[in-house]
Amino acid sequence: MEFERVGGWNVAPTVLKRGTGSCSEYSFVYIALCRAAGLPARYAGSVVIRGDDASSDEVFHRWVEVYFPNYGWIPIDPSGGDYKYPAQQASAIGYLNNRFLITTIGGGGSEYLEWGYNSNEIWQAEGPCKVYSEHIGEWSPIIEE
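Quick note on my numbering: the sequence shown kicks off at 408 and runs consecutively.
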């Protein structure tokens, strides 16, 4: 597979057939493979600190957590396999650095669960309308007095 952020959240067979996907779609494929092998796996997501301590994030990042008895839920970033060197690829297994502010753990976006990346929105209108929705994470350090 090749990393490509093209929007949309396609199911694992579609992503595999296309051969490209975002971190979310890499995660969907990895979850499907884990579950087919009998390993419990779930989706995790976050906003990402991309500079200083006061930031905003419109991109977000997604990965997988796999459950191993006696160890618990272990983070695995399937898109880490795209790193050039084996040591970098290995760092995508079992490690999350402190730049991730986890916002989502569970099944991932779903038309059945009625939620997307990090929220649940339901709109109902009579007649023509236009709805604009933006998902963004913003934070700043706590100032202690």
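Hints are computed from structural coordinates only; laboratory data are not their basis.
Since we're looking at a predicted model, the values are computed, not measured.
Any given hint could turn out to be false.
Stated by the list, open to error - Think about it this way: if two alpha-carbon atoms lie no more than 20 angstroms apart in a straight line, the pair counts; the simulated EDC-like pairs of lysine to aspartate or glutamate are: (1) Lys424 with Glu409; (2) Lys491 with Glu411; (3) Lys537 with Glu552; (4) Lys424 with Asp489; (5) Lys491 with Glu409.
Evaluation of the provided hints:
no.: 1; hint: Lys424 with Glu409; result: holds, 12 angstroms
no.: 2; hint: Lys491 with Glu411; result: holds, 16 angstroms
no.: 3; hint: Lys537 with Glu552; result: violated, 44 angstroms
no.: 4; hint: Lys424 with Asp489; result: holds, 18 angstroms
no.: 5; hint: Lys491 with Glu409; result: holds, 13 angstroms
Going down the numbered hints, you'll see the structure goes against just number 3.
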